[in-house]
Amino acid sequence: MKSVRTLRGELWKSRKAYLFLSPLFLGLLVFCYFPPVSGIYHSFFDWDSVGQAEFIGWDNYKELFRDEVFLNSVPTAFLILIPRLLISIVVPLIMAEMIFSVVNKKMQSAYRILILLPIVAPGVVSLLIWKFIYDPTSGLAIGLMKAFGWAEPDAVIHWLGDPGLVIFSIIFMGFPWIGGTSVLIYMAGLMNISTEVIESAQLDGAGVWRRIWSIDIPHLMGQIRFFLIFGIISGLQDFGIQIVLTSGGPGYSTYVPGYYMYIEAFTAGRMGYASTIGTVMFAAIFALSLLAFRMMKSDSSNT
Amino acid sequence: MPLSRTISQTVLHAIILVLIAIMLYPLLLTLWGAFKTDLTFMTSKWYPTLPLRVTNFRSAFMGTWRYLFNTVVVAGVGTTLMLGIASLAAFTFARMSFVGKNVLYFSVIALMMIPGVLTLVPGYMLYKSFGLLDSYAVLILPIATGGPIFGVFLLRSFFEGIPKDFFEAAQMDGAHDFKLYYKIALPLCVPIMGTLAIMQIVGVWNDFLWPMITINDYNLLTIAAGLIITFTGQHSSNMPVTFGGYVVASLPLVLLFSFTNRYYIQGLLSTSIKL
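In order, the protein sequence lines correspond to chains A and B. Quick note, the first sequence lines up with residues 1 to 303 if you use our numbering. Quick note, the second sequence lines up with residues 304 to 578 if you use our numbering.
Quick caveat, the hints were computed from the structure, so don't treat them as lab data. Treat the hints loosely; a few may be bogus.
Which stretches of chain A does chain B cover? Using the computed rule of at least three CB atoms under 8 Å from a CB of chain B, they are [said to hold, decoys possible]: (1) 24-30; (2) 111-122; (3) 174-182.
Beta carbons are placed, not taken as given, at the ideal position from N, Cα and C, and that holds for glycine.
Just chain A, same shape as in the assembly (with noise of 0.2 Å):
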């Protein structure tokens, strides 16, 4: 009888504390604990855009793993999202190096600003960009190409449109690559290395590709964990590129798992078979960032 008195005791005690949490957890419970609840519960569901459902038990699982468009989207995405990642941790890195490198100081923090710079378009701006670079006749991909002689003076190249070239056209935009942010991330680490520990190697004679490789990138490790799995957990459900710019094609050679899950809802509206592909997804996207996170924490318990 006692407990129960002073947990009530405690409860009421409490009850300031759960009144500031109120708005924040009426919030939560109705917006953002019900929908993934409810979207693995109606992956079992035929559910349709008006709210219809009815039970099918495994059967939207089974036509998923055996659905060619899914199937073959699971390899485009990582087609896209292997290159990209590498990409987006290396460069920035690259980046931070040289910047840091720079004696001037001024110079250095005028190049932070411009690197920055970009932040100002909003992405779908920059996605629209790229249409415009990639357009197949008067695009700037096609006129530099012109111009330095790689392609006959009335060429036309589908960047975006021929099968065999689209994936690397994805890959190969927002060249150079550069990304802000990574860089500065990557900066604040650089400037957390202390001065004594690249004294000292660089008083053993160790030049600046071995203080890279010996010293930075140990001491980076942190960072380029937080860059791998954040970009991992974000480029497996990105699709902004093919509503943009592909619509998942040509035919059906862009067609990522987020995409089809996108379209089987809101042009299909199968919103039960959408929930699979999502639920699938989610189940995926958490293995692999675990998988991640444990290769890299063992790695970097070494050094």
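Got chain A; can you put chain B on it based on the hints?
For chain B alone, coordinates are given in the frame of chain A:
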């Protein structure tokens, strides 16, 4: 400085400048493209030309002001609600003791692991069943309810870093918990709340998927979705006006960035983001 050092520094500057130039060229192309006539654009789109034709911006602004207005309303209301809810909850988690604190905190943070692909379809159906499609509410509510998750995570550690003395002195004067939050915690966390607000506003500016799905009435679209759905199609034959629209759409972010880039850079350089 020895000669070899000077040479290597010069080469370094040259490489950095070339890379930055390549990075900025598409943006510059858009900027001067917006000032050309249709005809000069055809013949000389790769470099800037005079005279500057300003009338493009008239059509561009006419085509985009509605979306810009909606974006400002959604980002303004949503971000304000998000900041209020997140800071009060973060203060509670950081400064008050109560039953179930760790469980509750973990249940907030765990939501960061839920990917958008899992919630997109059921979330849409939820808002649809509430009859909220085609309203400002369907755009604002996700920011006010989902936005605080990262906010609580970021602000809690900040509040925990505030020295206890600050609060104890006020408590001696008989201040209540809410007063501690309002009078002491909030003013101290203005800079970090600013960073959070910028991230949220830029997020609203960039998001096109959710408005595209939930809004049928073109008058309620936000800027990113509006550019994709109507504006680019309407002016596809006139690239200078299209580019003008892109410039107009970027202007508020240009303003935001020119006032806050120092804090953004300082914030990123001083906090170590890693796993």
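Quiz item: What hint numbers does the structure not satisfy?
Solution: none
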